[in-house]
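K.L.:
Line by line, the protein sequences give chains A and B. My numbering applies: residue 1 is where the first sequence begins, and numbers increase by one. My numbering applies: residue 1 is where the second sequence begins, and numbers increase by one.
It is possible that some hints are incorrect.
Claimed, not checked - Ranges between beta-carbon positions, derived for each pair: (1) A:F488 - B:R116: 29 to 35 Å; (2) B:D198 - A:A95: 45 to 51 Å; (3) A:V492 - B:T184: 54 to 60 Å; (4) A:P484 - B:K44: 32 to 38 Å.
Calculated from the structure, these hints are not laboratory results. The structure presented is a predicted model; accordingly, all values stated were derived computationally and were not measured. Heads up, the beta-carbon is just placed ideally off N, CA and C, and yes, glycines get one too.
Below are the chains, spelled out letter by letter.
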Amino acid sequence: MNTAKHEFLPEEVMAFLDGELSPERSATISAHIKSCPSCSVVAQEIRGTAQDLANWKVEPAPARVSSSAIQASANTILPPRSGFSAYRYRGLRLAIGAAAAVLVLFAIATPNLLRSRMAANEASAVGSIRTINISAASYFSSYGHYPPSLRNLGPSPSGIASENGADLIDGALAQGLKSGYLFSYHADSSASGYRVSALPLDPSKSGLRRFFTDQTGLIRAEPGGVLEGSGVEVAQLRESGAVKDGSVTVSQLAVDVNGNLERKTKAEREAVVDGDKGWTDSGPMIARHVSLSIMVKDFAASRNSLDAILARYHGYAASLTVNSPQESARSLQASLRIPASQLTAVVAELKSLGSVESEAQNGEEVTQQHADLVARLKNSAETEQRLQGILQQRTGKVGDVLSVEQEIARVRGEIEQMEAEQKNLEHRVDFATIDLKLSEEYKAKLDSPAPAISTLIHNAAINGYRNVADTMLSIVLLFAEYGPVLCFWLIVFFIPGWLVWRRWRHATAAA
Amino acid sequence: MQDALPALVLNSEALPRNAMNETPPTPFPASPTSDEHLMLAFSKGSAESFNELFLRYKQPIYGFFRRRTDDPSHAEELTQEAFLVLLRAAGRYEPRALFRTYLYAIAFKILRAHRRKAAFRARFFGRPSTIPDPAKQDATESGLWVRGAVEKLEMIDREILLLREFEQLSYAEIADLLQLPINTVRSRLFRARTALRDLLLPQEQKGSQNP
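Please take these sequences and the hints and turn them into a complete structure.
P.N.:
Now the structure itself:
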């Protein structure tokens, strides 16, 4: 049909036949159809198609489809719903269900995730402190003093290790910030010692404990106590008294980060040794070690007796741990250092505190080791004397004089190192070690009433409230931290997914 | 119930709309016996109103599904499901549109859900082995011929044509149901009718028209 000749399009003729036009338009087009052969043909064709379609008949609906059957099934099989229907808000309900499931998963997983991350951060902080200790010791051996700041341990700007940048730790740690922990380094005014603290940036997120250390290499945690076995080689126990603080152990195990130097002053050593040697130059040198496990009836009296024994025989406790749990037996573990000559008497007195459950003794002979050390020390001393004599003559060139001075310095260093080793060896011989374990024979007390039920409920309620608060806080923190990222990925994946889903639905509907 | 003539014949010129179609006559909405009043009465607990509505729309809804499914048993199940949904949703009914538009919207959603499930089953479990009973198929030869021609139409065009011819929906109602612009509905309907006319022409007549 050539529509250019007509006022009306064929579609309008069809709309007129379908009753979709306004009365005025219908009257106009009706008059036009009567006068226009082409439009009349279009109308006839459309009417003819409709007549053909009328041949497509459908059989009557089965009698099984009845009103009563439908109402009965609605009342018996599935009750009518007052809220959401099966077909309305289906997507909304799915979204709410998915969101609820995600929330539940987050609520369950978030505290564990946060705890895991905090534990990882704490482990990393301890590792960083160990690194600092080892690096500081290395720095000390290279430059004769501890670094004035952490930056001195870090990478050198010039790329060559120097006093200002020893290149012993990574750049992040040298800046004092790593794995959620802030590291503070303070050197003594004379650079003969240092203190390091590691504090969590956010105590509720990045870590719970704070860590401290100093030039002894000992790492302490608050709250928690001492972290033993800090990874560096434990050379020896340093002498000092141990402190008991309730059930919390404050051990004073000292870790020598240098591995071969015992930094005890001579005055301290002499005060402890008290000139009472347990070995002679002619006899064998034996480093003795005793392990004792004793069960005592009166724990407090035994504790006092132990202190008295140590004072009487000029011994000391290198480490001491007392556990005092409620409603249970107390125990004490200590590493005692006793003058070797008094070892037999001390062991006998310790046995008298209670019944001995186990005992073990051994001795390590270090005579040959000591003799070698003395010989090497003597040779080095003679070498030093000869070098001093050469230096006093001053007959050579300036370069030769400087070479002699350098050699004297080297020999002096060796002598001091060997002297330290000798003293250490002699100390091990002078002072025998006793590993003591005291256990109390526990007797239940009738006058210790069990906590009241109301107290238990009160404590449980407070713990429950804290758990809920912690969980809610963890969820809020998680959403605050990962919410934008989740929204971003949701947008990235949801919109294309929704389009694909819609297209698929249309495709399947057409099938 | 006698299957009705297409809407086109009814709506053209002199004939009143829906007068002989399988779609029941829709009284003036203000009438107390209108579909909308019956539905409101049913929503307030009148079982008789539901029975009346059911009697009016049982055959049209069955025809709606029967013309769009191969198996009569599927048409029967879907008809029951449509009335079941209508029954459950009665409490939320609001007469914002004609009742029959509302009912056909429900039927159309159920049909789409049925097609999705059928497509899913066909994809993962293969085509159903059950063959519809030939005795229950379109009885007349001309009916089969028309059905075959309609099935050759494009899917959207076919749906628009059926909704217009047999369900008596207006262009606006079809556009709302299929979420299409109303002008698209009109142009596609014209295209469908033209294509159907060509498909229904006898072969010999086609030959004489195209020497």
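K.L.:
Against each hint, give a clear statement of whether it holds in the structure.
P.N.:
Right, here's what the structure says about each hint:
1. A:F488 - B:R116: 29 to 35 Å: For R116 (chain B) against F488 (chain A), whose Cβ atoms are near 31 Å apart, the range 29 to 35 Å holds.
2. B:D198 - A:A95: 45 to 51 Å: Between D198 (chain B) and A95 (chain A), where Cβ atoms are some 47 Å apart, the hint holds.
3. A:V492 - B:T184: 54 to 60 Å: Violated: the Cβ-Cβ distance is about 32 Å, outside 54 to 60 Å.
4. A:P484 - B:K44: 32 to 38 Å: 50 Å, violated
In the structure shown, a violation is registered for the earlier hints numbered 3, 4, in ascending order.
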